[in-house]
Structure formats: C-alpha cells, structure tokens
Amino acid sequence: MKESKEARRKRLHARNMRFYRSLESPHTPKEIKKMARNADSSERSVLFESWLQSSESWAKSTLVVRLRNRNSSTRRGLRSWLFRADMIQKWGQTVADMMIEAKLADPDRREAEVRFHPDLPRDKESKQFLVLTDDTAEDVEAEELERLFEGKEDSSSTSSTSHEHHDKKKKKKRRRIRSRRKRRSRTRPHPRSRKRRPKVKQRRRLLLLTRWGGMKFVSFSELINYKHALNPIYPIHP
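Numbering-wise (full-length UniProt numbering), the sequence shown opens with residue 1 and increments by one.
It is worth saying that the hints were derived from the structure and are not from the lab. Quantities reported herein were computed from a predicted structural model and do not represent experimental measurements. Ideal Cβ positions, reconstructed from N, Cα and C, are used throughout, including at glycine. Each hint should be verified, as a subset may be incorrect.
[As the list claims (entries may be wrong)] In silico DSSO-like links for lysine-lysine, alpha-carbon gap of 27 Å or less:
(1) 34 x 2
(2) 182 x 168
(3) 90 x 60
(4) 33 x 60
(5) 124 x 103
[Claimed, not checked] Pairwise CB distance ranges (calculated):
(6) 182 x 30: 24 to 34 Å
(7) 5 x 54: 43 to 53 Å
(8) 168 x 33: 27 to 37 Å
Please take these sequences and the hints and turn them into a complete structure.
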C-alpha cells in the first residue's frame, strides 16, 4: 500500500521531533549536547545523519566515540623494567645509553621511570629503567576535533579568511574616515569657536517736510521734539 502524503508528513515530523528531543534528553552524552548547543544548520545535518546511522541511539554513534577520544593519546604496547645490560642486548649500547641519559636528565622521569631492584636495593648494578619493550607498539597522536565535524575545517578556513579580509577592509575604511575628519577639523574652526560680528543698530532716519517747504532728515528722538511738522512722515533709508 502506497503511503499518502499526509502520512509521510506525519512520519517525518515525528522522526524530527524524536531527534530534537534526543538532543535534550538526560541520557544523551554530554559531548553531543555541547556540540548541538551552538550548531548551525549544516552541523545539525551532520548530527542528524549520525543519529540515523546509529539507529536513533547516541550510545551507538561513532561520532560520540570520536568526541570522547578528542585530545587524547592512545598507546599500545608493553612497558617493562629492564636492567642496562638487557637494554644493550635489545637495542645496542648507543641507543640504550641515550634512553638512560634522557631518563636521568629529567627529574620527573627519573622519579617515575628509574628505580633499584626490590631485591637488591642501593646496588648500582641493580638499577632498572621503565621502557617500552613491545616492538608492535604505536603512538596515536592527539586528534584535533575543534570543529567536531568532518570536512568542516576546510570550509570554515576559507570562510574565516574571507571574513577576516572583509573585517580588515571595514577597519581600513573607518580609519580613512577618521583621518579625513581630523584633517577637516584642523583646517576649519569649530562652529562654536567662530567669532560673531557685533550687531550694529541701524538708526532709521526720517525725511521731514518743514513748514517753509524744506526737507530735512531727523531721527525719532528729534521728531518728538520737532514742532513744525506739516505732513505725514515717510521713512527713507539712507
């Protein structure tokens, strides 16, 4: 029977809700919760795929294993207490002496990796050294998982460089604008510092026609005391 669109929508919605609830469940590993807290859409997609591949169980997820092994070193092999003669027989005198010198030169290593044989204490010939004796041992370097996602470092490095380039451009532009403003402020005086010209009170003069037909310019104060005005006064600016 073919699944209807409505049934498919409900099934996908229920699955998505189970996924989001799993990120906040108390049984979810803390590494997954920490990763999902600041994850963007692409990172959540990686989480979702890992959740599906582990049959919706974070305990079976390989991503959890990777996160728990982050910044850790794994050593496979066997370390044993050997006499100097045994070390010379196994690796030769030159290599054995170099290993012994390195252990004796470091106080911490000397305390942890050098001892006298329990049955022959304080005997120079009974001194033993803790060394890695298994030839199949291999050192696994610390795994860098700062981004916590595969393929994230390449894309993030390119995006981060582009962001840095953009930020540098912005900073240069801001510095250019500031320097321009400083130059303008030096050449031009500030508006508040400009000296204003004192206002000169312009005295309005009036043209007066006297009784004898003459014309005369007088001020208001003179007009008050003038007794021979015959016609209306017309204000004229000089």
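Verification of the supplied hints:
1. 34 x 2: Given pair residue 34, residue 2 is violated - Cα atoms ~40 Å apart, limit 27 Å.
2. 182 x 168: holds, 21 Å
3. 90 x 60: violated, 43 Å
4. 33 x 60: Satisfied, since the Cα-Cα distance of roughly 15 Å is no more than 27 Å.
5. 124 x 103: holds, 16 Å
6. 182 x 30: 24 to 34 Å: violated, 53 Å
7. 5 x 54: 43 to 53 Å: Violated, at about 29 Å.
8. 168 x 33: 27 to 37 Å: holds, 36 Å
In summary, the structure is inconsistent with hints 1, 3, 6 and 7 from the numbered list given earlier, while agreeing with the others.
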